[in-house]
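The chain contents come next:
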Amino acid sequence: MQRLDAQILAEVRSLLERRWIDLTQLRLGTTNGVVYVEGMLRPRLEARDEGAGQGLRERIKREIESIAGVREVVLAALAPGEGKESWRSVPRPH
Amino acid sequence: MAKRSEAALTRPRVQLVLDVVREAERTLTASLAAHPDYSDYLNLLGMVQLERGQTAPAIESFSTALERNPRYRAARSNLGHAYLRLGCYAEALDAFERCVQVDPFEPRNRLDVSAWHTARGEHDLAAAALEGPKDAEMAPPVLHRLALVMLDLGRLDDAARAFHQARQRSAAYTELYRERRLFASDPMSREAAEALRAELEMNHNRDEILTFYGNLYARYGLALEARKAYAEARRVYPDEAGFYLSLAHLATTAGSSDEALDCLARAVEADPRDPRARIALGFEYSREGQVEEAVAQFEVAAKLRPSYPDVHFNLGLLYCADERFDEAVRELRHAIQLNPGYRPARNQLAYALRRLGEDAQALDEYRRTISSGLRSSDIYLNAGILHLSLGQVDAAIEALKAAVEANPRDPLPCYHLGLAYQRRGQRRRARASWRRFLELAREFDSMGRGLASSLGQGT
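Read top to bottom, the protein sequences are chains A and B. The opening position of the first sequence corresponds to residue 1 in my numbering, with each subsequent residue numbered one higher. The opening position of the second sequence corresponds to residue 1 in my numbering, with each subsequent residue numbered one higher.
Hints may be right or wrong, so weigh each one.
[Claimed, not checked] Okay, the calculated beta carbon distance ranges per label pair: (1) C88(B) to G39(A): 35 to 41 angstroms; (2) R18(A) to R423(B): 43 to 49 angstroms; (3) S66(A) to Y89(B): 54 to 60 angstroms; (4) E439(B) to R59(A): 30 to 36 angstroms.
[As the list claims (entries may be wrong)] Some but not every residue of chain A turned toward chain B, in silico, with C-beta under 8 angstroms: (5) A6; (6) Q7; (7) L9; (8) S14; (9) E17; (10) R18; (11) W20; (12) R27; (13) L28; (14) N32; (15) V34.
[Claimed, not checked] Now the stretches of chain A that chain B is said to cover, found in silico as 3 or more residues with beta-carbon under 8 angstroms: (16) 36-42; (17) 67-76.
Hints in this document: simulated from the structure, not taken from any laboratory. Cβ coordinates follow ideal geometry from the N, Cα and C atoms, glycine included.
With the rest of the complex left out, here is chain A:
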């Protein structure tokens, strides 16, 4: 499982990089297949078609959930336009 954790974390980073998310604003972790994302979910470049706020967060969450080996996503990152930080556990449906 742990070998997979390091792989999962690298995969999550790669996904966020492909989606032009600013990784310098995030702290990521993966333990036992559970992905933790905290910080600010800020796009590196605001494109015209960029979803903001909850939409961006939900999209990123779904994409992380689809990575092989991910059991659960704990998304505590704020997206642009969102207010106070809130920790939410988002279980992956079995």
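Assemble the complex: chain A is given as a structure, and chain B must be docked to it using the hints.
Relative to the frame of chain A, chain B by itself:
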């Protein structure tokens, strides 16, 4: 057939054309509306304004960036160049001298002061400004600039020597001089050298905005234009590792992991002391499951940047993957020492301690993780299991109930909650938990069959 070919040639083609300067301004303005405090956006916007000849607004952008972050060296340097453009020499010099105070060893500072003297026609002083500490090796961009200043002074031999040294130390200058046929004749083509002098970009910080343009092109899928912009940035100020990192990112966004890996390897080769390249290559190896290679990169990165908590965290994660838990604990503790609020690192530390059999310490770290606000079914489950192993049955039940609540679809907390109820002598609750486990745990067939059998016997 011929007619069809002709028609194909004359048919209007759809082509995406991006006015990158305008798009950069729009993007940065939108970003600043969302994040008015981000000084990096202000600095980039100022550079775009300089590109558009809007010097006064640019000065305002750089000044605001510096209000937000007075130690922002690049914004201070850009402010100096904006003043220089207006002929405000005193203000420009003040900005450049402050850059030295922020980072005395940054080679770009010498380019700034040299550019200031060049703008005033003080070529001797422009050359002197490029000299660094005694016996220190000059960075290639400084050597390139020195060569051009030597041309200003009419010292062709010295110019050739400096060009030659820049070429020896930088692949970017090797390519540039070859392309311009600088050394096609012996000892040096004066015409080629003068052409390079005419093209000189006095503001060496322009590589940052060119890289930003490259990213914008890449964002819109215009890979060719992106590559051109990155190459132009490299010409303005060769940062070999940065150049290959940009290309690696371009390859990653295009889904070409082999090309990305190749670019990252070239970034490390170009500058083995660049931690960004080491970290990026480490992640790429990690993604491929090449743990040993990833560990090697992160170990070097940790030596290069011992104060980066992320590097220690990822090294700890990789040591866990390699079952080197003692080393993992050391690195994870280091990450937390550097950043006590690093919650994923504390969670991973708890995991590594548990694997070492240090149950009490592991439980302590899980408790701290939970009280810091990082919670998941997995964290509660592990805390519950440890409570149970330490004979703290009530606490175990509380934690395991929280695990079930956090992820009601996960069978494992139900299983362990059943064990905890059994330890407390609450058989009915234990059976209910295990039934729930069986409902959820079809994939755990072997474990489930054994349990079903014992339930059937009235356990």
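Right, here's what the structure says about each hint:
1. C88(B) to G39(A): 35 to 41 angstroms: holds (40 angstroms)
2. R18(A) to R423(B): 43 to 49 angstroms: Since R18(A) and R423(B) have Cβ atoms about 48 angstroms apart, the given range 43 to 49 angstroms holds.
3. S66(A) to Y89(B): 54 to 60 angstroms: holds (58 angstroms)
4. E439(B) to R59(A): 30 to 36 angstroms: holds (32 angstroms)
5. A6: holds (4 angstroms)
6. Q7: Holds, because the Cβ-Cβ distance from Q7(A) to chain B comes to roughly 5 angstroms (cut-off 8 angstroms).
7. L9: holds (6 angstroms)
8. S14: Constraint on S14(A) satisfied, holds at 6 angstroms.
9. E17: At 6 angstroms from the nearest chain B Cβ, E17(A) passes the 8 angstroms test, so the hint holds.
10. R18: Nearest chain B Cβ about 5 angstroms off; hint holds.
11. W20: Check passed: Cβ of W20(A) comes within 6 angstroms of chain B, closer than 8 angstroms.
12. R27: holds (6 angstroms)
13. L28: holds (7 angstroms)
14. N32: holds (5 angstroms)
15. V34: Holds, about 4 angstroms.
16. 36-42: Coverage by chain B holds here, the residue count being 3 at a Cβ distance below 8 angstroms.
17. 67-76: holds (count 4)
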